[in-house]
Amino acid sequence: MAESKLLLPDGHGTIATLDRQGFLEFVVFAGDESPIRGTEMFDLVIRSFGAAIRGIKGVWRTGFQGQASVNLDKGNELAAQGIPLDEAVLQAWTVTRAKRWGFSRVTVLGPPKGMPGAYSKIDVLIEK
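For the sequence shown, counting from 1, position 18 maps to 1360 in the numbering used here; every step adds exactly one.
Mixed in with the good hints there might be a few duds.
Stated by the list, open to error - Ranges of calculated distance between the beta carbons of each label pair, as one might list FRET restraints:
| no. | residue 1 | residue 2 | range |
| --- | --- | --- | --- |
| 1 | 1451 | 1379 | 26 to 32 Å |
| 2 | 1381 | 1353 | 14 to 20 Å |
| 3 | 1362 | 1444 | 18 to 24 Å |
| 4 | 1367 | 1453 | 17 to 23 Å |
| 5 | 1365 | 1455 | 31 to 37 Å |
| 6 | 1344 | 1422 | 33 to 39 Å |
| 7 | 1374 | 1446 | 26 to 32 Å |
| 8 | 1426 | 1353 | 22 to 28 Å |
| 9 | 1377 | 1425 | 33 to 39 Å |
| 10 | 1444 | 1379 | 17 to 23 Å |
| 11 | 1377 | 1459 | 32 to 38 Å |
Source of the hints: derived by calculation from the structure; they are not laboratory data. Even glycine gets a Cβ: it sits at the ideal position worked out from N, Cα and C.
Between the sequences and the hints, there should be enough to build the whole structure, so can you do that?
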């Protein structure tokens, strides 16, 4: 398993791992006060592993202290409007950034936890 880290002294940054099968998992710690935008961190992660990436695993959860998850929040926002989950996830932050790198096939993995508009867990796989 390969790992990439960019952690700044102020707690912002990213941690990513690429498993032996070529599936990437990562977390971005950004926010309005971050000196590096989340999209820049995502791009750094993709460049770090390059062609070895077969797919991106989205593991979207409500944070253990209730922190926001931009991906989960977008899925919930759209699902609350009646948009099916498999369509709603296509507008999530990670999916929109991954598409710019050629990753456009998105699959919801297993059932989400919770009800439409109030999910606490959504897992996706984003592939080329």
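| Which numbered hints fail | The structure breaks hints 5, 8; every other hint is satisfied.
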